[in-house]
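Engineer: Sequence:
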Amino acid sequence: MSSLAVANMLASVLVPIGNAGAVLAVVCALIFALAFARGSAGLAGGAAGVWILGALLSLCASFATVWTPVVVSLSALAAAFVVGVLGRVLLRAARRPRAAPAAAAAPADAVPGTAKPAAARITGRSAPARAGAETVRVAS
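When we follow the working numbering, the leftmost residue of the sequence shown carries the number 1202, and every step to the right adds one.
Everything labelled a hint here was simulated from the structure, so no lab data went into it. It should be emphasised that the depicted structure is a prediction, and the values quoted were computed from it without experimental measurement. Just so it is clear, CB atoms sit at the ideal spot from N, CA and C, and this is done for glycine as well. Treat the hints with caution; some may be incorrect.
Claimed, not checked - Computed beta-carbon distance windows for the label pairs:
(1) R1338 / A1279: 27 to 33 Å
(2) L1244 / S1276: 20 to 26 Å
(3) L1244 / L1291: 17 to 23 Å
(4) A1340 / A1300: 45 to 51 Å
Please construct the entire structure, taking both the sequences and the accompanying hints into account.
Structural biologist: This is the structure we're talking about:
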């Protein structure tokens, strides 16, 4: 068997593996972009990890001098970073509450220079939060 026949036989196996790796990398890049936009770090990390596997599989096609799967998988992650960042910025802007006008925020009966006693802060527990000057006694 000649070396050209072996190269053709390897190319017939490696190019489909590379194409499948590129498809896997593109799907994982889409999942990464959506997870990054929503702020889901675990899902984004998992998608990036599986993307690495797809990118490595797409390198199989390069042994047959077919570089398209490698370029597609690398550009998919680069595009996913850009789309994920833009999506995150847009989602944060949509969730941010609108600022109330300054006249509505200040009560009409407030007189400058008079201080009202501070209300007890609620910490989510049954006891109110302590002020900085208060001390806590510890039984020893």
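Engineer: Taking the hints in turn, state whether each one holds.
Structural biologist: We went through each hint and held it up to the structure:
1. R1338 / A1279: 27 to 33 Å: violated, 59 Å
2. L1244 / S1276: 20 to 26 Å: Hint holds: Cβ distance 22 Å, inside 20 to 26 Å.
3. L1244 / L1291: 17 to 23 Å: holds, 19 Å
4. A1340 / A1300: 45 to 51 Å: Cβ of A1340 to Cβ of A1300: about 48 Å, so the range 45 to 51 Å holds.
Violation of the numbered hints given earlier is confined to hint 1; every other hint is satisfied by the structure.
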